[in-house]
Structures are given as C-alpha cells and as structure tokens.
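Asker: Taken in sequence, the protein lines are chains A and B.
To convert, count from 1 in the first sequence and add 18; that's the numbering used here.
To convert, count from 1 in the second sequence and add 18; that's the numbering used here.
Source of the hints: derived by calculation from the structure; they are not laboratory data.
Please note that the accuracy of each hint is not assured.
[What the hints assert, rightly or not] If you only want the chain B side, here are some residues facing chain A, beta carbon under 7 Å, derived:
#  : residue
1  : N28
2  : A30
3  : A63
4  : P97
5  : H106
6  : L130
7  : K138
8  : F353
9  : G355
10 : I357
11 : A360
Even for Gly, the Cβ is constructed at its ideal location relative to N, Cα and C.
Protein chains: 2
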Amino acid sequence: MELSAGKLINLARLADGAGRFFMLAVDQRGSLRQMLARAAGRPPAEVSGADMAAVKARLTRVLAPHATAVLTDPIYGFPYSATLVPGHVGLLLAVEEAYDEQEGSGERRTRLLDGWSVQKVKRAGGNAVKLILYYHPDASAQTRRHQQEVARSAGDACAAEDLPYLLEVVIYPLGGQKADDPDYARARPDLTLRTVQEFSRHEYRVDLLKLEFPADLRYTREFSGGAFDGRTRPPVYDLSAVRVACRHLDEAAAAPWVVLSAGVGIAEFLVQAEIACAAGASGFLCGRAIWQDALGAYPDMAEVEARLAADGVHNLERSKAAAGRAVAWHTHRRFEGQIELAGAGLDWYRRY
Amino acid sequence: MELSAGKLINLARLADGAGRFFMLAVDQRGSLRQMLARAAGRPPAEVSGADMAAVKARLTRVLAPHATAVLTDPIYGFPYSATLVPGHVGLLLAVEEAYDEQEGSGERRTRLLDGWSVQKVKRAGGNAVKLILYYHPDASAQTRRHQQEVARSAGDACAAEDLPYLLEVVIYPLGGQKADDPDYARARPDLTLRTVQEFSRHEYRVDLLKLEFPADLRYTREFSGGAFDGRTRPPVYDLSAVRVACRHLDEAAAAPWVVLSAGVGIAEFLVQAEIACAAGASGFLCGRAIWQDALGAYPDMAEVEARLAADGVHNLERSKAAAGRAVAWHTHRRFEGQIELAGAGLDWYRRY
Numbered sequence: 019m020e021l022s023a024g025k026l027i028n029l030a031r032l033a034d035g036a037g038r039f040f041m042l043a044v045d046q047r048g049s050l051r052q053m054l055a056r057a058a059g060r061p062p063a064e065v066s067g068a069d070m071a072a073v074k075a076r077l078t079r080v081l082a083p084h085a086t087a088v089l090t091d092p093i094y095g096f097p098y099s100a101t102l103v104p105g106h107v108g109l110l111l112a113v114e115e116a117y118d119e120q121e122g123s124g125e126r127r128t129r130l131l132d133g134w135s136v137q138k139v140k141r142a143g144g145n146a147v148k149l150i151l152y153y154h155p156d157a158s159a160q161t162r163r164h165q166q167e168v169a170r171s172a173g174d175a176c177a178a179e180d181l182p183y184l185l186e187v188v189i190y191p192l193g194g195q196k197a198d199d200p201d202y203a204r205a206r207p208d209l210t211l212r213t214v215q216e217f218s219r220h221e222y223r224v225d226l227l228k229l230e231f232p233a234d235l236r237y238t239r240e241f242s243g244g245a246f247d248g249r250t251r252p253p254v255y256d257l258s259a260v261r262v263a264c265r266h267l268d269e270a271a272a273a274p275w276v277v278l279s280a281g282v283g284i285a286e287f288l289v290q291a292e293i294a295c296a297a298g299a300s301g302f303l304c305g306r307a308i309w310q311d312a313l314g315a316y317p318d319m320a321e322v323e324a325r326l327a328a329d330g331v332h333n334l335e336r337s338k339a340a341a342g343r344a345v346a347w348h349t350h351r352r353f354e355g356q357i358e359l360a361g362a363g364l365d366w367y368r369r370y
Numbered sequence: 019m020e021l022s023a024g025k026l027i028n029l030a031r032l033a034d035g036a037g038r039f040f041m042l043a044v045d046q047r048g049s050l051r052q053m054l055a056r057a058a059g060r061p062p063a064e065v066s067g068a069d070m071a072a073v074k075a076r077l078t079r080v081l082a083p084h085a086t087a088v089l090t091d092p093i094y095g096f097p098y099s100a101t102l103v104p105g106h107v108g109l110l111l112a113v114e115e116a117y118d119e120q121e122g123s124g125e126r127r128t129r130l131l132d133g134w135s136v137q138k139v140k141r142a143g144g145n146a147v148k149l150i151l152y153y154h155p156d157a158s159a160q161t162r163r164h165q166q167e168v169a170r171s172a173g174d175a176c177a178a179e180d181l182p183y184l185l186e187v188v189i190y191p192l193g194g195q196k197a198d199d200p201d202y203a204r205a206r207p208d209l210t211l212r213t214v215q216e217f218s219r220h221e222y223r224v225d226l227l228k229l230e231f232p233a234d235l236r237y238t239r240e241f242s243g244g245a246f247d248g249r250t251r252p253p254v255y256d257l258s259a260v261r262v263a264c265r266h267l268d269e270a271a272a273a274p275w276v277v278l279s280a281g282v283g284i285a286e287f288l289v290q291a292e293i294a295c296a297a298g299a300s301g302f303l304c305g306r307a308i309w310q311d312a313l314g315a316y317p318d319m320a321e322v323e324a325r326l327a328a329d330g331v332h333n334l335e336r337s338k339a340a341a342g343r344a345v346a347w348h349t350h351r352r353f354e355g356q357i358e359l360a361g362a363g364l365d366w367y368r369r370y
C-alpha cells in the first residue's frame, strides 16, 4: 500500500528500528493535577500551571531518552520541555482540551483546545497528532455524531498537513455503571470492539490507534484474587477469553495499534502489554503506569527525580521488554505486504 | 537565545545526543552521473534516472543507519529511498536544481528546482532545507546579487515554515584560475572567509552553515609531497596557517557549521574533519569521500553494495571518529549560553 511522504517519514520517527512503538505519555492534565494535589496534600486548585510544567519537564528529561517517542501537551508540556526532547525520539502533540460531561446522561463530548491546531503541530515539528476520544457505542446519536465529527475533522486536517494521526479511543461507563463494576468489566470487550470498529472506518483516516486493553484483568479468574491491588473480585472471564478479545480487537483495527495504560499500575500494565502485543499490537503509549509512583514524592522534586531515574526508567524498560514481541507497524495487513511512497517516480517532487 | 519550535525540534533531529552532526550526503546529481558513467564506461547520457535512483537507494540503505542525518534530493533520491530512512536519522532535502554558468565570465548562478519548494520539504517530513550556493566574492555585482537573493528567499521561506535552513556555500575559481592551481589554493582562505562573512549576515536567516574546508591541504608544506594523491605540489602554506584559517572561519560563522568533503578522498577528508572540528565545527555533512570508492564497482550492484557495507561504513565511522571533538551545535555563541523556546509560557500554544 502507498503512504504519502509526510505520513511515512513521521510514522517511522515514532518507532524503533524494528517498527515497534515504545512511547511515553506525559500529556496528562486533569489527572496529573489531581495526582500532584493528592501527593502534596493540597486542593487541586493550588497546583499551578508552573508546578505541572516543572513535573512534566522532569518526566521528559529523565524518561524520554528511553522511549521511541514522547507525547506531550502544548500548554504545560511542550513549551517547557521542547529543549529536552532528544533528537532520536519522536514527538506527538495532543490537540484536545478536555471533554464536557452532558448533564443527566453523563455522556462525554470532546472539546478541542482553542487557539491550537493540527497545523501548529506540524509547524512546531511534531511527528504526529494525538486526539483522545471518549466513546460509548450506546450513547445518544447526538453524542456519537459529535465524537465522530471531531474524529473525522482531525483526520482531514492531518491528511491536509500530511501528518500521522493517532486516535485514542477510550470507552466509559454509562447508565449508572461504575468503572470498577463487574457488569462494566463484563461489557468492556464488546464496548471496546464496537468502538474500534467504528473508528476503523476509512473516513476517519486514522494512521495509528491507541487502544485500551479490552478487558479488566482484575476480573479474570487468574488475577481476581487481588493480584494487582489486593482486593478480591468476582471473576467474570478468564485469561483465554481476554486473549480472544485482544485478537478480535486486532482483527477489527484497520490500522496498527498500541495499547495504553489508563492509570493501571505497572504490574497490571506489564501483563496487558504482553497480551496485547501477542495479539497483534505494535507496542504501547503509556504514561501513568510508568511514572505515577514516582510522583508520590511530590512536592519534593529531588526525590521525584530520583524515583523517576530509578523506578521510572525501570518501569519503562520492563514495559519495553513485555512488549518486545510487538508487531512491526509496517507489517500491518493494511499495507498489504509492503509500504511504498505514494506517487514514487522521477516526477514525484512536482506532483507532491 | 530563543529558537522557534520548528527550528529547535528539527535541528535536534539532525544531531546526535552530544549535539554533533555526522551527516551523510547522497544528493549529488551531475557528479554522481559522471561517476557512474566513468565506472561503467558509458557516456553520461546513458546513465538513466532509474540507475541513479537505484544507487542512491543502496547508499541510503547501507550508510544512513550510521549517520545522524541524511541529505538527499527530491528527484532520484527521496522518492526511491523514503522507506529506507531510519526513524532515528534526520532528513534534509535539497531545493536547488543546478547552476547556470554565465557565458564568458564563467560566473555561477543557482537555479532552484522548479515544481519543488521549501513548503514541500516541510510537508514531506524533512527536518531541514539544504541549498547549495556557489559564490565568488569578486564576481560581478549582478551575479552576487542573484546569489544573495536566492539565499535570502530560501531563508525567508524556511522561517515561514519554521524549518531549519542549511546553507552550503562553495567558492569556485574565476578569471582563468583552475581548482588545482597554487594561486587558487593560496586564495581559498580569503575567498572562503569573505563568503562566510556575507552569508552570516542576519538577513539570510541561516540556521546551519555547510562550509568547504578553507584551504587545499595538498598545498600545505606537510602534505605537499603527494600524501593524498601521489602528486607533488609547491607548498603555499603550512598546517598552522590552515588551522588559523579554520579558526577565522569559525569566528566569522554566525551559526553552527559543518564541513563538507567536496569530492576529496577519505584520507584527506579525515584530516579536514579533525582540523575543522578542532577549530569549532559541529561535525560534517559528507558524501563522496565516504562512498565514492565503492561506486568504482558500478554497474555490478552486488559488488557496490558489498563495498559500501565494508569500506563505506568504515569510512563513515572513521569520519565520525575524526570529528569526535565537534562542538555541540547548541553551545554555539549565537545562542548566548542557552537555547530557549521562543515565546515559552502557558499561552505559547495560542501565540505560536
């Protein structure tokens, strides 16, 4: 299959020599503020933008050199970390601001960051655009249309700039369910699969999918005894069913995909990464599982940095090892065996 | 000093972790055609574009992984090598087509490649624009103005795209002199220095200078016995004078600079790289010195490839070692001790 020059060159920048994505996320905003507030024993409003920026700069400086790419945000992240992105490490920039929760239904609608754009990501030297999209396939038609339209617009803008488009789709509980309910755990494989099916449609022009692990490992028979957080839960499936769910996800994904950590602990993420990559994932884009424990020392920045250098790097290296059998992105079936430059020929430069 | 986001991120992509540029040039066109014709015993017109493209693809595949960046052209190079540029290796693309030699005077005026542009370099994922400019400070005012205008326009276009601008300035003999004359050898330090002074003016907005070695080592007392090509020449200076010329060049250069090989052999280039970097250069952008010998086997492509893998890689590694003390680009005095992102702050994303 053919890929345009900007998509091809920039996708390669995100991966290692074997086509595997071992990417670090430091683009958290709300969740980071909460984390720092909790660690410092302050209300979130007393964690300033400068505080967030300082933490992100440390995360980037210590961890990014060990990743194949780093995802950051354009408010607290990039402006304070631009000089800290190593030359051999790819750069992804987020374009969303947050989501608005609809009153009553709790449905989530993405809001892009006003004053920022896909064009600016390209201009600033980003190698890819990241958009997170909360989605529930059974949300109202209006909410689904809104989310689909946001995803489609970003895809069009990325195509216009010839820049890779990484779409992160994340499901969430609706109708009174909670994230840690057995019912929601049971529903996750199906909700994730249907969401991936939607955004694998050609019209979204996605180059890389960032996907949640399609099950809750804490509700598997094998890990239900509290393996990750000490709490016993009623099992709703077993690991073989989870492996099947991952393979279904891989079959549905019309583009190479990476797994995200969604705030789970490192032990759980290592299992997720192993299973996802065995099912066809091309690596991970992971943040909190790697560095959240180090932030427990906040506001002692020297201790935060020491923990990042010790445990954070260790977690990242372990994640890379767990994802070692990630599938080279350029071997994804969408490329039909070989990637070629679109329009290659002696007159490429004229027609491009 | 402040650097804009696109300049900062993309300059870093060209260098290694220590800020040194070990860059490979495969953007030759006319000289490559001549080389292949000679090796194959054919007239240059019988070397096809496909032949050139095939050779460039081999050069890129075998050598680029050992460089910090690769410079190629958009006709025979990039369209056939885009899938061969490793993700951790920066990409520079040339924008000139050739020069027109003025009848009578022999003055050279650069012609840009029609249908190609700085905008397309950015779009395609290039990390920098390369423009070669032949220049003689004593050429006619008209020719000088033409060249200055070409250089300035490219600088403006790169600023508009927020893309690094690498300007290569190369002097040439006028007024009946020949490249291998003692008189021309004697004139080189002064001609090079005056040329660098011109293009170091702020109005050209150059981010990186690619400079010729400012003397002919074959005319130094120490190497005049035929050290590089077996031919004895009358010495016109000695190495200490050459080192002084390099330091003057470094003092005149208003931006980080790299040394080019201009078709000299590898033994001579190693000495040039060592002296240039000791005088302040930030590395090299070198082509023929590294790979020209391997092309002697053309059209036996298997043998070309074998020689590239053996001698070509060896030459590149030796060049990196010779340039090992290259000055980190970000420590250049233009940056006044520290590089900062222009406009850094929580509202950077809005104002960028």
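Asker: Next step is simple, just say for each hint if it's right about the structure.
Answerer: Here's how the hints hold up against the structure:
{"no.": "1", "hint": "N28", "in the structure": "5 Å, holds"}
{"no.": "2", "hint": "A30", "in the structure": "4 Å, holds"}
{"no.": "3", "hint": "A63", "in the structure": "15 Å, violated"}
{"no.": "4", "hint": "P97", "in the structure": "4 Å, holds"}
{"no.": "5", "hint": "H106", "in the structure": "4 Å, holds"}
{"no.": "6", "hint": "L130", "in the structure": "12 Å, violated"}
{"no.": "7", "hint": "K138", "in the structure": "6 Å, holds"}
{"no.": "8", "hint": "F353", "in the structure": "11 Å, violated"}
{"no.": "9", "hint": "G355", "in the structure": "13 Å, violated"}
{"no.": "10", "hint": "I357", "in the structure": "6 Å, holds"}
{"no.": "11", "hint": "A360", "in the structure": "10 Å, violated"}
Checked against the numbered hints given earlier, this structure breaks hints 3, 6, 8, 9 and 11; the rest are met.
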